[in-house]
Structure formats: structure tokens, C-alpha cells
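One-letter residues, chain by chain:
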Amino acid sequence: MQYDVVVIGAGVIGTMITRELSKLDMKTVLLEKCGDVAMGSSKANSAIVHAGFDAENGTLKAKLNVEGASLMEYYCNKLAVPYKNIGSLVVAYSQEEMTTLEVLYDRGVKNGVPDMEIIGQEKLREMEPHIGDEALGALWAPTAGIVSPYELTIAAAENAVVNGAEIRRNSGVFDIEYKDGMFYVSTSTGVIKAKYVINCAGVFADKIANMIGDTSFNIIPRKGEYYLLDKIENKFVNHVLFQCPSAMGKGILVTPTAHGNVLLGPTATDLDFDSKLDVETTSAGLDEIKASVKRVIPQITTRNAITSFAGLRAHVVDGKHDFIIEPSKANDRFINVAGIESPGLTAAPAIARYVGEMFGKMAPEYEKKAEFISTRPEPIKMAELSPEERAEVVKKDPRYGRIICRCEGITEGEIIDAIKAPCGARDIDAVKRRTRAGMGRCQGGFCGSKVLEILARELDVPMNEITKYGNGSKILYDKTK
Amino acid sequence: MIKEMVCVSCPIGCMLTVELNDNNEVISVKGNTCKRGEQYAVDECTNPVRMLTSTVRVNGGVLPVVPVKTAKPIPKGKMFDCMEVINNTVVDAPIRMGDVLITNICDTGVDIVATNED
Amino acid sequence: MLKYDLVVIGGGPAGMAAALKARECGVQKIIILERAATLGGILEQCIHTGFGLHYFGEELSGPEYAYRFIEELKKTDIEVKVDTMVTDILPDNVIVATNNTDGVMQIQATAIILAMGCRERPRGALDMPGSRAAGVMTAGTAQKYVNIDGYMPGKKIVILGSGDIGLIMARRMTLEGAKVEMVCELMPYSGGLTRNIVQCLDDMGIPLKLSCTVVKTHGLERLEGVTIANVDENRRPIPGTEQYVECDTLLLSVGLIPENELTRMAGIVIDPITSGAIVDEYRQTSRPGIFACGNVLQVHDLVDYVTQESQIAGEGAAKYILSGGKNNEYAENTIRVKAESGVRYVVPQNINRSTDKDVKIYFRVADVYKDTSVVVTCGDEVIYKRKKRKLAPGEMENVAIKLDDIAKLSENEITVKLEV
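Protein chains in written order, with the working numbering: chain A, 1 to 481; chain B, 1001 to 1118; chain C, 2001 to 2420.
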């Protein structure tokens, strides 16, 4: 199998870059070791669009963050991804922290963050009536927002496929050889030949780079644990609430999600090089979140938790705190897109453009396609329609009248759409990320078995071949008799 | 000899105190709140029995299996032997409520009957 | 818009009994809306026996118990729509429902009976650290896979929680060839019926570990094991007592939650302890003409009691409909029923002083008690007292208050409590 470009890793960065490259008249393939896209950091992060005052002045991170924040709404509209521009507040609890806000403000101004403002207690209380008593003031950044990160990833993947890119899931890369101007990428599903490689492998990006002899960076996984709370907690928080970075640590954030839940987290624990699959939650991590949220919004409790989870940030251990986005020193046809930790999600649209331009200069032989389809059709979401609109849809296709997920009101029609989509769902969690079936308070207790049935039926496989999230995560064993 | 046991005839679960003589015969039962408790105590000390429920595979039905039960309680020690027979039985749809699917399972004199339709 | 005298939401044991009773009391146009493909609710997957001993005086399986009501319904002209989900309850008792044949329906009801049942507490609500491997599921989900779909969800099993579904599944999985390693229970006593402990655990040789919980799940893709630990009197794991247990499946039987999404949407007042609506002796909620019964009102351990409760609601709805939708003027005439010392909650929480019958108050206790008395008082006066050998949280209790006693109560509040 011969391609022009191989992109490795189908997180938000890999899929957005693949989409960008699908504008060019060439053969692109995106390789993913898991059973679906968005299976790493892209499905387990804070889901925040950062305004851009965190990154040090003059870094690539700062530039792409601010650009990404301004591009996010445009991309989310194009790709039909839930996004809300709700703004963020960095809350200060002491005079010392108030001083820190000024540092953040100055840094933000230099990074080009628009419309920031340091607000006092009164204004803060107006904006966040449930904020803890000790809060003195905050840094208000109106360009910040919230986005559904896995849906952005899925949408980019679908759009890339529609534009001719190929996505191979369950295709982990275990070796890369370069000879006669061609990369030979060995995967669990065969060898792929390509002229260029773009390495977007997240926490594994260093291992992929090592395969071509590039040992210029090392990545450790930095674990962050989270709680996702029931929508009934949503009434307590209006904006993204950060705590002030201090000697005590960064503190956890409290934010509504694009779907109206509340997210608490993350903790930050550095793991060793060998723990790049460790997304276990820990009692210490969960306790830390519970303790920390009290100061921010005392009314919020984890009693109404829907779930807790952990994600890994790809942290480069070189002390530079910047993204690595450049052709490898070991091979100039191999672009590393590595160390994309926070604000990587925010920066994703800007990174895609940046890499697109970089690739254009590196490989000017590829022309732009005549017709690039830039938008992704909006999936039908029955729960968001009025009764009249719902009636219209059901008239055309009765499967949209059969509700499978009670908690989120997801119908059989929507689940089938998710399975039939380009780069469609193949397992239970993939259906969940695309449709929200099983995302509600019963956590799939009722609908899980029905979704499994529908998957088995639509994919024409026995029920016991359907997995929770690919590979060995099977749900059923043999027939009882 | 005194034996203590919980009556499982119904969900109330009375604590029974059973007095047995040297021949393992029941002399008295205390703690029961109904007649069935006394019978249970006697059965449990001489020949403990249980209702067995499972499913039987169905050919051509809407669902792949139909639930079944023993029409009467069977000796407790024969439950797994009976499961073996149940597991190796396949019936054809349609199945009606109460249909006898296996007669005299494991020579217990008890039939296996369908407890739903398919 | 469709019009019905009575719309029953849910076609499980509660909904069916309520609809049948309302018809018996003379209500004409009745419809049952059921979200599953068949009537019977969760009974369809409860293939074990033990249902109906109180109500029918026979030991039936779940499907058999349901079947009797389904057959009764067939003899009436009560309408049934299956695969139909109610999505909204609008003001003035208008119901929005959807299915794949009628599309989206709006139904005007004179009275509504809520009978949506309950759901199981999932893993996410448990604060259980560890991996997110496949193989962790609620006992009820496993029950559906085994009994309806005919598939084994695992081979080597640990069960957390000794609720009845967990106990029943311990036996079911063993009979179907799995090895159930143990049942862990956080509390120092089981939450299930004693009968089930004897028949499902003791008979099968499955150990019940009390004051014990799962503190971690292991496994990257499919579950590979769990770490269990003993807990102290505050239910916190005791360091040093951790033990690794190899298993491919963790079944959760850690509590049931009434499914009151629609109830909340309708603005009905909810009891924080039962998580069900606050109701009067006819199971009428705070919204006139809307009644609730079965597990959506309070989690029952016996379906027989669900049937009895639902018949009360059916009768109440009938009275409401046949009196022309007259709101029983409660506010000033209401006797509040309180739960105190040892009694966790009561249902009903309100009794109309001018009610027309004896009222049974159902309750659960907070702990295991031996040789204690259940007492009902009104001010200083004791209106009911009965000795109990044993009371446990897993078993619902009731006291009957006589009509005459209700009429002569000196105050507008009575209290149900335990006296040691």
C-alpha cells in the first residue's frame, strides 16, 4: 500500500492535520493503534478553549494558542461540533494571587489575547453567584470557551475521509524503515509505504520518532484525573473557573461542558516512561479534586458524579515548555508534532494550518484539490429538536422515533447514523462519543445492551464480537448454551 | 440436636429452630409464622429441595432462549445434573407459557416448563 | 391531540396493576405507554421464582407474574403502546411521547400515573478508582445478557453489593457455569432478603464478605482483577487489608434509584430520602391528578407490594377522574407522617384527614434491629405499637392506621419510630 503521506495518531491533532492535508491532491492515510479516533488525550482532557495567557511570551505555544482560540468557533461551525464561547475566570483568593493575575494579564496582552479584564469581588459574584466566599477577584478572558474535544476529533476524521483521506484504525505502528526516499511503516495490519510521515502520536510521539533514529525529545505521561458531574450541578457554574497558579500547585478547574454537565479536574501526576497506557483513576487523585472544588464552588459535590476518568498529557522533559512542531533532524520528510499538552486542544486548528503550511513548503509538488468539502453535515440530534421538528424527522424515518438511551434521549436512528458515518462507530464507547447514548446518569445500564445489539446487527457480527472500546475489551463471552 | 435455619419458603425468611432426635427425625419446629415453615424445616432436614430456574435454547423464536423452571422443587443435590440436561436441550418455537419442555428431568419425577412465550 | 382519562407511564408490574384497578373502579379511556418492546418491565428478565407468594399465594417466576397481568389487560380495552417513550410532561397534564409508528404524540390526560420504575446505581456513582476496562457492569445488565440474550458476560466473577439482584445473579451465573468468587458488601449486614442469601449464596457455596468493598479495578482492556479491602465503621477502607482477587467480571448491586426524570420535569416535589415523589394515601403527588406507584415512588423488595401499592394509586386516580378532576383540598386537612429514630422514611408522607379507609404506612429502618417495637405517635399519644423480632433495612415494613384513629388524631402530624 503506497501513500504520499502517513499521519500517525488519530487524536485531535492527527485528525485535524489529516483533514488539512486532504485539501491537497494526494493520498493520505491516518494510522491509529486503537479501535477508534480520539482514544488518547483527546477524549480525556479539560475540553477548554484557553484564551492564551498561560504560555510564555514568544513561544510557539503562545502563538498557536491565541490563533487556535480565535479559529475554534469557525471550525466548530464548519464541522458541526458543540462549542460555547462562555469565557474564563482565573479566580484569586489572596492579595498575592491578585498580583499573579496582573502577571497573567500582562502576559496575555503580550501574547495577543484580546479583551481581558481584572475584575473585583463584586463583579465576580455577579458573574458567578455561587463562588466561594474567599474569592477576591478574577482575571476575565471573554475569548475562552468550551468544546467537545472528542467530537471535534471525530468530525475532523469524518470530514477528512469525505475528502479522500483514509483512516486505518487498529493499526499500531511498531517499526519505520527509510530507504530510497520512501518510508516503510510496519503496522499491526501490514506495511504502509509513504513519502512523508507526520508524527502526531501524543504520549508515544517520542517512541515513533525513535523508530527513525530521532532521539531529540522524551515524553512522559502526566496524568490528570477528572470527575464528570450530572447536569443538575450545572446551575452552580457559568464560566470556566481556573484557580490561580501558585506555589500550592495549579489547583483544579470547574467548568460547564459543551453538553451541559460539569467537569472538575485535572490533577497532575507525572508518571514514568513506561506508563503511557495508565489511565487508572486513584483514590488520592479523586480525593484531591473533592477537596479542591470546595474552595471554588462550595455547593458542588461529587455525589452527583456521572463518572470519573483520567487522561494523559504528553509532557516533554526538556524544560522548554513548548510544542515541538518541526521536521525531524534525523529525516526532513518526517515532521514531529509532539509535546502537544495543554493548550493543545485549543491550538489544534492553528496547528493544523501551521503544519499544512510547513508541509506545503516541504512538498510543493502537491496541488490543491479543485473541490474540497469544508463542512461536515450536522448529525441529527433528536433531543435538541422541538416536538414538531421531531415529528417531521420520525415521519421520514421511523427509527428516529425509537428511543434507545433514556437518559439522553438518543434514538435508534442516531445510533445507526453513527455506525454508518465515514469512520463510523465500531464499539460501544465509539457510539457513546458520537451520539451520547450511555453518557447519561445510568451510564448505559439500560441502553448498553441495546446499543450492543444494534452494533451487532448493523455490522452483521455476533453480539460477543462487539467490544467496549476495541481490541480485547469484549463485553460478552460465549452463549450460555 | 438443635438446628437453626432460615425458612426460604417465602421472602419473609423466618428464623427456625429445629429440634432433631438421634435418628435425625424432627421433634419440634419453632420460629415459623406459617404452616409452610414447619414443612420446610422437615424437608430441609430430611430431603432439602429447591426450585430450579434457567433458560432453554429456542430455534426460530423471537428471542434465542426461553425461561424455564422446575414444575415442582427438586432435590437440592440434583440441581447441577438438571442444568446439564437443560443446557443440552433445544426446542422449536412457538413456545407457550407452561409448555412442558423436558419431562421427568433426571428421574426426579419433575418436568421442566416454560415460564414465558417465544 | 389524543385525549385519555388516564395515562399510565410504564407497563411494568406497577403500571399494569394501576391501570387494571382504575378500570375496575370505572375509568373508561385508559392507555399504558411502555418504553420497552413488551409489557412486564424488569420482571421479564427476572426468571427466578419467588414472585407472587403474597399476592397469588403461589411461587411464580417474574415472567409468569407479569403474564397474569398481561392476560388480564388483554381482556379489557385498555390501550397499550409499547416501544413508546414519554419525553415530556407539560403543564395541564399533557404528555409528549414518541415511538416509531406514531412519531411524536401529544396526549391530554385527566390523570396520570407515574410507574417508570427504577434503575441501578452505576459504577460512575461509586467513586471506585482504577481502570475503565470492560467487564464492570450492573447485575441487572448481566441478568439481561444471560436471561434474555443468552450470552455469558463473564466466567470468573466478583459481585459488589448484596442487594437482591446481586444475590440472584450469583446463583444464576453459577448455575450457568461461571465461578462466582465472592459477594462483597460494604455494610456489616446484607441489603438483600435472607431467603436469597440462603438459596443463592449458601446453597452455591459462595462466600459473603461483610464490611468489605472493592477499592480498585485492574486491567487494560477486559477486567483482570479487583482489589478488595475491609472497611471500618465509617465505611472507609482499612489500609493493610487489601487483597487482590482475580476475576474477569465485576457485577454491581449497589442500590436502585427511582427514575424520576419526568417527575422532576413535571415540577413534582421529591422526597430526598426515597428519591420518589411525596404522596398522600392514594399516592397522589404534589401535582393534582398525577399519581405515582411502584419503584418510581420507593424501591420495593417484593413485586407483590408493588402490585398492592399500584392498586391504591389506580383507585386514587379513578376517584380523581370520576369526581371530575376535583382536587382533594389537602393543605389544611393534611396529616404529615414523619419518620424518626431508626425509621428512615415513610410512604405515604401525607394522609388526608377525611380519607375513607384505613391507611398502611410503609417504611424502612436504618439499621438491623432485634426485639424492638414499631411505634406510631401523635403528640404524646401512642396510636400504634407492635413488637418485632427482627427489622432490617433490606426488608420493607408497614403499619396499618385505622380509619377511626385517623379521624380522631389530635394533631396534624404523626410519627413512626422504633422503640428499643
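Hints were generated in silico from the structure; no laboratory data involved. There could be a bad hint or two in this list.
Unchecked claim - Distance windows between CB atoms, simulated:
(1) B/T1033 - C/E2058: 53 to 61 Å
(2) B/T1017 - C/E2413: 54 to 62 Å
(3) A/E357 - C/T2101: 40 to 48 Å
(4) A/E392 - C/H2054: 23 to 31 Å
(5) C/L2002 - B/P1075: 49 to 57 Å
(6) B/P1094 - C/E2058: 22 to 30 Å
As the list claims (entries may be wrong) - Calculated pairs, PhoX-like style, for lysine-lysine (alpha carbon to alpha carbon, straight line, at most 20 Å):
(7) C/K2216 - A/K290
(8) A/K481 - C/K2179
(9) B/K1003 - B/K1035
(10) C/K2338 - A/K395
(11) A/K479 - C/K2408
(12) C/K2155 - B/K1030
(13) B/K1030 - C/K2370
(14) A/K479 - A/K78
(15) C/K2408 - C/K2387
(16) B/K1078 - C/K2179
(17) A/K481 - B/K1078
(18) A/K479 - C/K2417
(19) C/K2179 - B/K1076
(20) C/K2319 - C/K2370
(21) C/K2370 - C/K2387
(22) C/K2417 - A/K474
(23) C/K2179 - A/K474
(24) C/K2370 - C/K2417
(25) A/K474 - A/K450
(26) C/K2388 - B/K1030
(27) A/K396 - A/K381
(28) C/K2155 - A/K479
(29) A/K123 - A/K235
(30) A/K27 - A/K290
(31) A/K481 - C/K2003
(32) B/K1030 - C/K2390
(33) A/K481 - C/K2156
(34) C/K2408 - C/K2385
(35) A/K474 - C/K2360
Using N, Cα and C, we set each Cβ at its ideal position, and we do this for glycine too.
Can you name, in rising order, the numbers of the hints this structure does not satisfy?
Of the numbered hints, 1, 2, 3, 4, 10, 11, 12, 14, 15, 18, 20, 22, 30, 31, 35 do not hold.
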